[in-house]
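Student: Let the hints inform the model, and build the full structure from the sequences given.
Number of protein chains: 2
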Amino acid sequence: MATEKMTENVSILAISGGVGGAKLCLGLSDELVGSNLHIVVNTGDDFRHLGLHISPDIDTLLYTLSERNNVEQGWGLRDESWNVMSELENLGGDTWFRLGDKDLATHFGRTTALAKGAGLCSVVDLLATRMGIANKIYSMSENSVQTIVSTDEGELAFQDYFVRLQCQPVVTGFRFEGIDAAQPDPAILQLLKQQSPFATIICPSNPFVSIDPILQLPGMWQALRDSSAPVIAVSPIVDGVAVKGPAAKMMKELDMPVNSLAVAEYYCDRYPDLLSGFVIDNSDVALADAIRSLGVDVYITNTIMHNRQDKQRLAQFILQAVVCQE
Amino acid sequence: MATEKMTENVSILAISGGVGGAKLCLGLSDELVGSNLHIVVNTGDDFRHLGLHISPDIDTLLYTLSERNNVEQGWGLRDESWNVMSELENLGGDTWFRLGDKDLATHFGRTTALAKGAGLCSVVDLLATRMGIANKIYSMSENSVQTIVSTDEGELAFQDYFVRLQCQPVVTGFRFEGIDAAQPDPAILQLLKQQSPFATIICPSNPFVSIDPILQLPGMWQALRDSSAPVIAVSPIVDGVAVKGPAAKMMKELDMPVNSLAVAEYYCDRYPDLLSGFVIDNSDVALADAIRSLGVDVYITNTIMHNRQDKQRLAQFILQAVVCQE
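Residue numbers (this note's numbering), protein chains in the order written: chain A, 46 to 371; chain B, 46 to 371.
The set of hints was computed from the structure by calculation and includes no laboratory data.
Predicted model, so just to flag it, every value in this text is computed and none were measured.
Keep in mind that a hint or two might mislead.
Just so you know, same-sequence chains aren't split out, so a pair can sit in one copy or run between any two.
Said to hold, decoys possible - Derived lysine to any residue pairs resembling SDA-like cross-links, with alpha carbons at most 25 Å apart:
id: 1; residue 1: 161; residue 2: 223
id: 2; residue 1: 161; residue 2: 93
id: 3; residue 1: 161; residue 2: 92
id: 4; residue 1: 161; residue 2: 189
id: 5; residue 1: 161; residue 2: 128
id: 6; residue 1: 238; residue 2: 318
id: 7; residue 1: 181; residue 2: 358
id: 8; residue 1: 161; residue 2: 208
id: 9; residue 1: 161; residue 2: 191
id: 10; residue 1: 289; residue 2: 140
id: 11; residue 1: 181; residue 2: 135
id: 12; residue 1: 161; residue 2: 209
id: 13; residue 1: 289; residue 2: 195
id: 14; residue 1: 161; residue 2: 193
Tutor: Now the structure itself:
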């Protein structure tokens, strides 16, 4: 196949949040030489819980790319046991954030390494290596950035909003505590400058709480814009609904139309001249011209990823689109 | 039985380390109205590991008194699973200190409560209540006291010496970091002053690393000495060996004779006028006169506690001895 040959020497930089991004990254990983796939992951959702440093999006990537994620549940590991949580419940402890036994081992590994002075980025490397992952996964920054959700119930730490309150409060905005003083992982900037990935793909993740924390890091989106690699975003909104998570609910509460056009407009307004292309689902074909009028190429395909084949197919499609961009 | 009637209104204060102390406390708990048994427990072994606050001696008491301790293993819970440790091993994490899944829940409960501002003493209360324990268990202090073992390999944190290095280094002494600034739990001092327990029992725990950290707390042994309750110690050395743990090895390395007389001498030298009575095993009857010459009454019985009945019998014997003291 043309794609297979084409992708042998292709490096891709993917920008990803949790589940949706991880799905596409698994597809990309199947289509690329493993070490040529570089994934920058949101750590704005990171938090300390039960004394542990938890990186939900990083772990979703690690578990998905090591093919151990719990697909039905949508988070955590498959073949998981819950002995710690179950006993903690008996003791009246905090169990609102469910942590499986094997999942806990990841958090222990991370927390211990951090306590010994390792940086977040090297910890991700270590965990990825131990899990047999060939792709290069980057924590977006070594520094702490905390996504804070402004709601009708006041400001909420992201996991309070997302897990404890199950996204019920009405969103009025977001801020990323610590972001002004944070730096993108220098390895990412170096990659963009020196190794020039073939393309950057903004995964179909939540624009507000997964992609923005990454792009808002000082110098980050400008580095992407100024790199020779075209930036292609994949819409997380398909036919007016979010494939997963609260993106659609957030858009509605922020008085945005809930469709892929609004996502494209949001990215183009916030990050001028960043996007070269935008991938939308077949069901959104009617919006293609409006998106094109924003000055970006539009690629239309089936973007829903139910199974491994769907992921590979979407990855192939995007890689082909990148070839057209060249 | 005379003892049963006698013990209805008896309050006992037990001073305890881990396994040996917990055995006797379980026996005492069976012989007393639960809430009349007050147990002050060593927290010099406490340490942070994997981000968690671990209180090994407190937990041994909690697990023993809730009848869930692993008797064969000598530590931890019975019917335990090891899913977290097993996965942490796969990840190359720290697994030298083995923590079972249910055991981990205890440490999470404690660590979370401490992080929310609770004190060590109230955390013990909370855990004891959740585990259905009627006895009153006290952390010896709200303050951090860290037992440091001086050895031929330098100074070692207690768990490094005890678990990681399996007590192999040669001991030259001990110190308790933070003890000068620490205070005994005020509830213990209040108990001694106002409620006057019928007697204080120093359990057959390690004198150097279990009992000393408690008695060396500022004002602690003097409060015991000045209370109207007689203080009876039970020898942890029987027939020249420690029933469990490194007490005998330590005595040898400190150039002490390894026998119950040396333990009695140690207590009498270090804590003048504290001991009223000393309980030794039948096998040490030959040492009785020498111990008496230290000015303490000697009680001789079978002090080995293999089963529940042994524990109850030793507890009964000591409670009878206390009656004789009056």
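Student: Now look at each hint and say whether the structure bears it out.
Tutor: For each hint, the structure was consulted:
1. 161 x 223: Classified as both: same-chain Cα gap 22 Å, cross-chain 23 Å, threshold 25 Å.
2. 161 x 93: both (16 Å within a copy, 13 Å between copies)
3. 161 x 92: both (18 Å within a copy, 15 Å between copies)
4. 161 x 189: both (17 Å within a copy, 21 Å between copies)
5. 161 x 128: between (28 Å within a copy, 24 Å between copies)
6. 238 x 318: within (18 Å within a copy, 78 Å between copies)
7. 181 x 358: Only inside one copy: residue 181 and residue 358 sit 21 Å apart there, 64 Å across copies, limit 25 Å.
8. 161 x 208: between (29 Å within a copy, 20 Å between copies)
9. 161 x 191: The answer is both: 22 Å in one copy and 20 Å across copies each meet 25 Å.
10. 289 x 140: within (23 Å within a copy, 37 Å between copies)
11. 181 x 135: Result: close only across copies, 20 Å inter versus 40 Å intra.
12. 161 x 209: between (30 Å within a copy, 17 Å between copies)
13. 289 x 195: within (21 Å within a copy, 57 Å between copies)
14. 161 x 193: between (28 Å within a copy, 21 Å between copies)
Against the hints set out earlier in the document, no violation occurs for any number.
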